[in-house]
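Protein chains: 2
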Amino acid sequence: MIKASVCLAALALASTTAAAQPSGTAQALERSFDAQISSADQLAWLQQMSSAPNHVGSPHDKANADFELALFKQWGWDAHIERFDVLYPTPISTTVELVTPQHIVLGGQEPAVAEDPTSSNTAGALPPYVAYQGDGDVTAPVVYVNYGMPADYDALEQRGISVKGKIVLARYGGGWRGLKPKLAQEHGAIGCLIYSDPADDSYAAADVYPKGGGRPEAGVQRGSVADMPTYPGDPLTPGVGATPNARRLTRAEAKTILKIPTLPISYRDATRMIAALGGPLATGKQRGGLGLAYHWGGSDAVQVHLAVKSDWSLKPVYDVIGMLRGAAYPDQWIIRGNHHDGWVFGASDPLSGQVALMSEAKALGALYRSGWRPARTIVYASWDGEEPGLLGSTEWAETHAAELKQKALLYINTDSNGRGFLSAAGSHELQHFVNQASGDVADPRTGVSSAQRGRAAILAGAYLGTDRDTPDVIDAAKSGGDLPLGALGSGSDYTAFLQHLGIASLNLGFGGEDESDGSYHSVYDSFYHVTHFDDPGLTYGAALSKVVGRMVLRAADAPRVPARYSDFAGAVSRYLTDIKKLAADQREKDRTLADLRREGDFTLAASPNDPIVAPADRGITPLVDMLPLENAVDHLKRAASAADAMLGREDGLPPATQSRINTSLAQIDQLLMDPAGLPGRPWFQNLVYAPGTLTGYGAKTLPGVREAIEQRRFDDARTYVGRTAKVLEDYANRLEAAAAMAKTP
Amino acid sequence: MIKASVCLAALALASTTAAAQPSGTAQALERSFDAQISSADQLAWLQQMSSAPNHVGSPHDKANADFELALFKQWGWDAHIERFDVLYPTPISTTVELVTPQHIVLGGQEPAVAEDPTSSNTAGALPPYVAYQGDGDVTAPVVYVNYGMPADYDALEQRGISVKGKIVLARYGGGWRGLKPKLAQEHGAIGCLIYSDPADDSYAAADVYPKGGGRPEAGVQRGSVADMPTYPGDPLTPGVGATPNARRLTRAEAKTILKIPTLPISYRDATRMIAALGGPLATGKQRGGLGLAYHWGGSDAVQVHLAVKSDWSLKPVYDVIGMLRGAAYPDQWIIRGNHHDGWVFGASDPLSGQVALMSEAKALGALYRSGWRPARTIVYASWDGEEPGLLGSTEWAETHAAELKQKALLYINTDSNGRGFLSAAGSHELQHFVNQASGDVADPRTGVSSAQRGRAAILAGAYLGTDRDTPDVIDAAKSGGDLPLGALGSGSDYTAFLQHLGIASLNLGFGGEDESDGSYHSVYDSFYHVTHFDDPGLTYGAALSKVVGRMVLRAADAPRVPARYSDFAGAVSRYLTDIKKLAADQREKDRTLADLRREGDFTLAASPNDPIVAPADRGITPLVDMLPLENAVDHLKRAASAADAMLGREDGLPPATQSRINTSLAQIDQLLMDPAGLPGRPWFQNLVYAPGTLTGYGAKTLPGVREAIEQRRFDDARTYVGRTAKVLEDYANRLEAAAAMAKTP
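Protein sequences appear in the order of chains A and B. For the first sequence, position 468 matches number 468 in the working numbering, and the numbering has no gaps at all. For the second sequence, position 386 matches number 386 in the working numbering, and the numbering has no gaps at all.
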């Protein structure tokens, strides 16, 4: 679901230290594994699985699950399909019509492209729509709201433009899709249109499909607009699996379903509206890339009829689950997943990642049949229903929550994959583990390791000024050290594992040199597009299999899942520094605003072309006592160093001691969970990593504190300083206890 | 000629100290002056003078000079017209035709706009062209070169695209117009087209004319492409006046005339080419705002026929010169100028500033007739021929060089004027003088002083993130101190005074809330455009008259032209800090490049979509000994403080001492001149302020050193450290000598 290319996260890099590298036997195993990975396999599976629409509830979605199940069994896995019945609305009718200044029927299915054979195979496809919008039938004037994010509503308010009773027209980008109708309805809008502006995923960065991979003028991005920052999964069964007997909310009770009708449209359709809008000009970053002047609107010059009627029945999702039982620790699970449902054909999203997972499963099966047995149990999952709301993974994780909390040591996720550079995000004690694995896999284009190519690209991009890596990433690339992992927010199937259950998680993918932005969630996300513009020959599909496969093998067979706790402590320490700066900057900005308002400077500065009134007074951000957090982070850093030192020499310890230590640390990430969860969203219990309520996918670290400051809930900030400090102290105490075990065997 | 809106220079601000404020008598005089300033006068003159094309050599250009001469005489000035005969090419024929992929005739005169009455009055106008290009007739493939600046040629080279034998298509912006064909010919191109991209002056920032002021799709920017950074003025008479008996170069000998045919075109015409170009994509800041993918070209997909044939005869320019003789110091001149020639109707550029000058002249004349006599002589100049190359002012300054060096104390220039905020640039010892004058004039929209409104806009813009002021400007606005002056490069008539003769100079204008970018140098720079989108009612025209008139009155009547030398020393000190950082950063970047080339990182990073080879190795910037300059700046700062302290108490000195001090400081700016001039351009002798050879208009401060480092002429850098240190030491010594006079009267 999430775009790999929007993860500006870290690229993996080989470490100069070789600690915890696989043994000679393990290396031979990895060579055998690699020998089974085949791009030709992946191409064949991709073409087959993306040959027909495969959204939730479609025949081909079920066929793909059955196809995978058969393959898993054929490869020697203990596999089954697990079904959940979830609320998944599908459109019965969708209407977008320009009413004023003239009547034009807009919207509807995307047209076929001659070069792309599947693009005409849309008989079984749903029309462009967004899932979990609120059905309705409205006619109203249109207001352009740029990205439709909070800063855009500030800009509208400063110009005296209200969206109350209006239909907002938002462009994709700048924040997660689902926030656009949510913020629109909170501001009183009665409808929402979301369009793909060419500045963001078409001719500004690529040739237009099928000449290049850029979004064509009639291309539309579908997607989910469920309020997933509140909780993902089936809206009717928060916190529990959508099993036959589950207690279900009514649709009206479900907090994650929006209230206003919303549809996605193309920039061809949006141009009809933008060209006729009145009101003040939108300039700079508030306009897109169409060849005309953008106006905010505010008059009746453009009126639109928008209507959506949906079938709100339950639909089945089919998760394919395969297991290879661990020989030494059958109750320690290494889980690896990727979803299989798409919006239409889903060739890039998600099947490019799914076929990499299938390659791994085939190779692991071959090793298994040749006699190898993993020490730990390996679980491979092909999720359904990720697109509408992480349905398959969330319902599975909720259903098996107790068992997972007991057994799951690691969850590794992938999603769309493309050519380019490896990006990786996740639990930071795994940073070195990721860097080691990716340092051992060759980049398909250049033959050097993915790590080395990543480092070269970071440094070349920094020199040429074409990249936006942060200084810590550039410094890491320069020094040859491990590149930092990004933090996980949401947008793919790791969410329930990391943020609801507290299982250490990773999300990986290649990208940055593909053009899949232009086909994202459209009819044109096809085998033709992927093999021409995203990963021709699926060579990066094979590279992904090798990176992830290595991590699975190493995590399954090593004495323990490799972790370096000082990497986690260092990351948390940087996040705390960020938050302190955030609070100080916000306070300074509040003071400045008060000064400017008092002096009347906004009135004096108002331009005749675009008069702007003073931003509203929101008070002064108070000083919030961060000392408990500072103490906890200090404690964490010291405890992590001690634990890492101890683990570095653990091989000299008696096996029973080692075992006790491993057990005590195996699920340490669960200590980051607070059963009360985050303010207003108890499902999200991880106090270090969460998706932002106003970013949707983007991560907010130390979210209880950070978002409380950003959103000016200062009482919450104080409360969550304490709660967050407590989980970090617990984590530090656990590390210290483990280190103590080494001294008193 | 220059756009006021591109001067991101300082806004004037009232100082909290009231030193050297005018006396009560002087204040009464200023009130009388203000009472004579009339927007209605300015509107009438503007409509009359912009009613027909008034380029050099046109009947209406001469008629405007005669009209002004008659008015000056009527107002009591001793006025005359001074004529020079200069090489000024005018097009006999211009041809732009698309040859491939299809034949389409492009170019030609801009179409009339029904709402704009003068836009159809183009019978006497020249077609769109650029002056001092090289005639020729070529047919060749087109290469898009973005802004056509050095970084763009680097980008082309990294993609393996040559412009040799090609016609380049450059968009306006990113650097001065004339550099585009100059750099094109240096890179082997045989023709050059320059177009106005809508990202830069049309719908990205304004509604399109006549709905708003933005450039319409068929609008074309004319202009000069003479190599003015080498020398401005008549190409045949560098350094001497173009008088009847002047020794003239042949056209072939004139270094400032370019060699390849060049024409400006509209974005309607450019779209025909860009839409069909092949080769790699241009993205990010390398593309403009048209609604399509930009490609660099490099194939024969687009071929163009470009031909220009000009009449290269001499043409007359008519400067109108008026004088009010000084009663006390007739041989001390305060000079104030603005040009009167335009490219077509020239309503904004230059007549909006010209009518402000005329208002001042009328008001000064009225004061004179009522009995007031300035202490110093006031010279008002209405220049001709500024547009093609600062012809009228340069030839006048060169003709009267000896007298001016003896008599001229100050030159105050204006050019186009619009609504908004006062920007001011010039000799930094005048910074406080400017801030005092503008602090005493009310902003027409708000009634507070221009200074206060400027400060409010800086602070509001910084808060909202919509402005790009530098930290020193923001700090000055916050603290309520004087706002810094910008540094003068070129682009208007101060050039010969400041940079060839060493006369302290200022350039002033209101702007920032007008839309004159969209009419700049086009048929649509009209009375209609100015009165609808740039300065409706010419209220800012009146404000400009009041600011400049005050400065003229105060400079003419004060005991000496007010100066604060520590402001100059502070500015020079900041420039030296800049240069040291520039050199260090460049050295660091060179080292990084060497590392990346050695490691092969550019090859590894190369993208399949846009392969980029390593930038060329240009060696490592050496450490250049800046100590002589650091010593000189330190000396200058100390001497300036001492001189300012002395001048602050000079009223207690005997008149003869005061007079000696004033005489010694009156022309101190001439000490900044080095008779050898700058490397390769001896006409430019000021070692503190110059236009950049690769910016054209934009200032380069301490240019002998700064440009030598930027352009990797390190021997020049060493030489000019010494030469620049010497002029600054001379300046400091003069200040010390003046301070010493106070002690030994």
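No lab work stands behind these hints, which were simulated from the structure alone. Don't take every hint at face value.
Chain copies aren't distinguished; within one or between two, either way the pair holds.
Below 25 Å or equal to it, Euclidean Cα-Cα: the simulated DSS-like pairs (lysine-lysine) are [stated by the list, open to error]:
| hint | residue 1 | residue 2 |
| --- | --- | --- |
| 1 | Lys-580 | Lys-285 |
| 2 | Lys-478 | Lys-405 |
| 3 | Lys-211 | Lys-589 |
| 4 | Lys-743 | Lys-62 |
| 5 | Lys-478 | Lys-589 |
| 6 | Lys-73 | Lys-255 |
| 7 | Lys-637 | Lys-255 |
| 8 | Lys-285 | Lys-211 |
| 9 | Lys-255 | Lys-726 |
Going down the list of hints, with the structure as the test:
1. Lys-580 <-> Lys-285: neither (28 Å within a copy, 34 Å between copies)
2. Lys-478 <-> Lys-405: This pair counts as neither: shortest intra-copy Cα distance 39 Å, inter-copy 57 Å.
3. Lys-211 <-> Lys-589: For Lys-211 and Lys-589, the Cα distance exceeds 25 Å both inside one copy (47 Å) and across copies (37 Å).
4. Lys-743 <-> Lys-62: neither (55 Å within a copy, 100 Å between copies)
5. Lys-478 <-> Lys-589: between (35 Å within a copy, 14 Å between copies)
6. Lys-73 <-> Lys-255: The answer is neither: 39 Å in one copy and 82 Å across copies each exceed 25 Å.
7. Lys-637 <-> Lys-255: So Lys-637 and Lys-255 fail the 25 Å test inside a copy (39 Å) and across (68 Å) alike.
8. Lys-285 <-> Lys-211: For Lys-285 and Lys-211, the Cα distance is within 25 Å only across copies (22 Å; inside one copy 28 Å).
9. Lys-255 <-> Lys-726: Cα proximity of Lys-255 and Lys-726: none, with 30 Å in one copy and 76 Å across.
Checked against the numbered hints given earlier, this structure breaks hints 1, 2, 3, 4, 6, 7 and 9; the rest are met.
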